[in-house]
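Could you slot chains F and W onto chain C? The hints should help.
Chains as they are written, first to last, in this note's numbering: chain C, -19 to 327; chain F, -19 to 327; chain W, -19 to 327.
None of these hints come from the bench; they were simulated from the model.
Just so it is clear, the structure is predicted and the values come from calculations on it, not from any experiment.
One should not assume that every hint holds.
The list treats identical chains as interchangeable, and a pair is accepted whether it falls inside one copy or across any two copies.
[Stated by the list, open to error] Here are the simulated DSSO-like pairs of lysine-lysine, each with C-alpha atoms no more than 27 angstroms apart in a straight line:
#1 26 / -5
#2 317 / 231
#3 26 / 78
#4 96 / 115
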Amino acid sequence: MESTLQFLADLVGGKITAGDPDLTILGFQSLSDAGDTDISFFGNEKYLQDLKESKAAAILVPPPSAGEFVTPEAVALIEVENPILAFDTIIREFGVAKPAFRPGIHPSASIGENCKIDPGSVSILPNAVVFDGSKIGSGTRIGAGAVVGENCEIGSDCEIGPNVSLREGSKIGDRVIIHSGVVIGGDGYGFEFADGRHQKIEQLGIVRVENDVEIGANTTIDRARFGETVIGEGTKIDNLCQIAHNVVIGKHCLVVAQTGISGSTRIGNYVTLAAQCGVAGHLTIADQTICGARSGVISSIKESGGTWFGYPAKPIKESRRESMRIKQLGRVLERIKALEEKPNQQS
Amino acid sequence: MESTLQFLADLVGGKITAGDPDLTILGFQSLSDAGDTDISFFGNEKYLQDLKESKAAAILVPPPSAGEFVTPEAVALIEVENPILAFDTIIREFGVAKPAFRPGIHPSASIGENCKIDPGSVSILPNAVVFDGSKIGSGTRIGAGAVVGENCEIGSDCEIGPNVSLREGSKIGDRVIIHSGVVIGGDGYGFEFADGRHQKIEQLGIVRVENDVEIGANTTIDRARFGETVIGEGTKIDNLCQIAHNVVIGKHCLVVAQTGISGSTRIGNYVTLAAQCGVAGHLTIADQTICGARSGVISSIKESGGTWFGYPAKPIKESRRESMRIKQLGRVLERIKALEEKPNQQS
Amino acid sequence: MESTLQFLADLVGGKITAGDPDLTILGFQSLSDAGDTDISFFGNEKYLQDLKESKAAAILVPPPSAGEFVTPEAVALIEVENPILAFDTIIREFGVAKPAFRPGIHPSASIGENCKIDPGSVSILPNAVVFDGSKIGSGTRIGAGAVVGENCEIGSDCEIGPNVSLREGSKIGDRVIIHSGVVIGGDGYGFEFADGRHQKIEQLGIVRVENDVEIGANTTIDRARFGETVIGEGTKIDNLCQIAHNVVIGKHCLVVAQTGISGSTRIGNYVTLAAQCGVAGHLTIADQTICGARSGVISSIKESGGTWFGYPAKPIKESRRESMRIKQLGRVLERIKALEEKPNQQS
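Looking at chain C on its own, in the form it has when it is part of the complex (with noise of 0.2 angstroms):
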């Protein structure tokens, strides 16, 4: 971007409070992240001490009844009512655009027979292939480079990224985002042991995901061995996670980047798996169960609403009593030692 103080203040319906109208603007940040040719707001008290410590060259602040706050010296300032909205309509004028959506089939793509896609909703890229018998409802993005197998269902206003694989019979909702490399539909992992061989268990299942789910890039789900693995409505999935087959993810959950699900387990509501979990198979874990980074659940979790650490995961109370004791074995070292010394008190 390059822009003018001036510009920006009329762009936002605000107005300017110090600073030279004609000073240019080259960029947008949050304030700890702004240099001097950068724009940015204090939206939230939170950020005091960053707005007081900004290098940005202007800011936008919220009129003075909203509170008490210091900016740094020789910043520029616009006031405007609501500084999030605001800093919000500069980053939609100035921001990377998604690229506009256009109708049409692109010549290079693929399209197999008695498929259900019209061409006047639809947009379907470069060099993607869609295979035979598949649905794509209107509004719906196929990037380039995606692969759509037989028999797929893809409901409207979806964006399915470049390079995603869907495999045969995977059924996507409306609203869907899926990210650049993801993965779904590929076989479960399972494989009986026989004559000194693993053999494979066919995988005839499908993957299900439900409106409003987004899910991250190169991200892989499976197919179940049958039925359905199943991401419930308005789940969101991180990069890089791994959820395997029969896996039922209730809706509104959090699965955050590298976390893993194993086989048949039932992730219920409004969970949250923050980044780098593992949860083991054949498990149920209650509505509203948050797990902090990392942890590894390896027995269900039955009562909603709880807060999880560690491996194996434990109520994070638990978690944090048991780390706290760990901090101390030093001092318990030395209370032994002490004790043992203690001089032998016979008279």
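Below, chains F and W alone, put in the same frame as chain C:
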């Protein structure tokens, strides 16, 4: 699926011993997942409890001679010699079948020069790319968007998934299954620090994957610095695993999801690395070793057949003993306090 | 390869000091991996033991003036000034060469409008897709099936691997290597919870990758919420790493396989994060910090040059002391028991 109890009984050669032959069956599930329109099966006494509590509409059961078991009330029953096999017959009839193998090279695929590919016996799907000098065996399918680098050799009856990347020189055996998004033959991670910078050490070896290996979605296997990175016959690797350069994995191993193996480590035969394990570089892991989920192996394991756990990984007994002691720490502190508070025993 | 000892000695400008010049050499390996048809090299006294026990057919060795070393009996020897360099010459002669760079745009590639690409100096391989407004420098290769989003800028002499996805607006420096399956510029993982649902926070920034960076297969780097996610000059990232939105990684860092860095964290220069590390969000990691494998960093590291380990990560000495104390727990219990059992000392 939509079927009747009678149709299913005929399909599996069984006998209806309870329930209405016209009962409508809409799906198939495990005992614990089945609902009131599903058929399930009881094939293993491990599931006696699941059987008793199943909400299935119908269950495939063995003859009474097979042992005692209690079925839920009002459930339809089909008696068959082998319920596991019978259920398999049903899911093969109604499950999501793998797409049929159709030999031929799709016109949108790009094939390099001097390749050895028989279009009458190989199936190359849309927008796949095969570079110069590669050789693909009969019965092998190259998925849509997959890329086969220069001078690769792929055996017969392999399934190379959509958007797989096989880099130049990779050697793949027969009946190998490589799921979507897998990368084989990326450069190993090798640098030398000189002049304040990490200088790339060229990675000039290859990856060799032996017969009957299966590799899960988005797993990465790096080419050797020189020589070969090897995945031994019959080994099954799950999704999102990382196999570094010059690793040699033996035959019939299981490497479960999100596990990483560092450079030059040699894994024996019949080794199991459960989910999210890490194995340091330049180690040797003896045959039939089992590492529990999330183990971090930092020294070689020389005795075969052991079970290891923890980080650093220890023999499981030792690891359990240590966990037990940590659990007892609260009690330890109490006991020390009691000792300290013992009244001074001087008379 | 198939060669003779004499041919190899001539190739590296060395002198045969033991063995038959006509000896057939079929491969090249490290000292410990080499078998009786391989040539190897001794370049570092760290490998004195490996040298003594090597089963290689021939070994490249430094002149006697370089120090004392013992070679295995009956091994052929080629004396050279610098065995590391000599070995490199051999593997460059016989190893798997990277495919030759051939400028031009393959007819199956799809190129958008208003791109700045000189077909005489750029190589765009089959089924690659470049969207509108992108700029690609001379000497850069775009791999088969790779996707370059709208308005990306890629410098010169880069290698963009097969099936890579660069999302819109990404900026890539010169001499950058991006391996297969990497995703750059996927949306950051940001949601606000309102009305019982996780509402998407638009991610409108970009990813900027500086010169001489290398990024391993299937790694994911998310675009900034606004502003930039930055990978600093010369930094090398291994496979399957996750770099969240607004992370800034400094120059010449090493980020080893399966490591994850959460949002807005700033990593200094010359930092090493070993395999499977995790770094929490909004932290600052000082220059030259080293984190051991699987460390979990949950607070900022302010002093540069330290070595950290564990979860939560601690200075390595502290971490080792703690491990040592846990190991001694068995003995602690015995000592307490002994104290408790001390005969009542009352007379």
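Status of each hint after checking the structure:
Taking the shortest alpha-carbon separations for residue 26 and residue -5, only the intra-copy value of 24 angstroms comes in at or below 27 angstroms, while the best inter-copy value is 68 angstroms. For a Cα distance limit of 27 angstroms, the shortest separation of residue 317 from residue 231 qualifies neither inside one copy, at 55 angstroms, nor across copies, at 49 angstroms. For a Cα distance limit of 27 angstroms, the shortest separation of residue 26 from residue 78 qualifies neither inside one copy, at 30 angstroms, nor across copies, at 53 angstroms. Proximity of residue 96 and residue 115 under a CA criterion of 27 angstroms is satisfied intra-copy only: 4 angstroms inside one chain copy versus 36 angstroms between copies.
Of the numbered hints stated above, those contradicted by the structure are hints 2 and 3, listed in ascending order.
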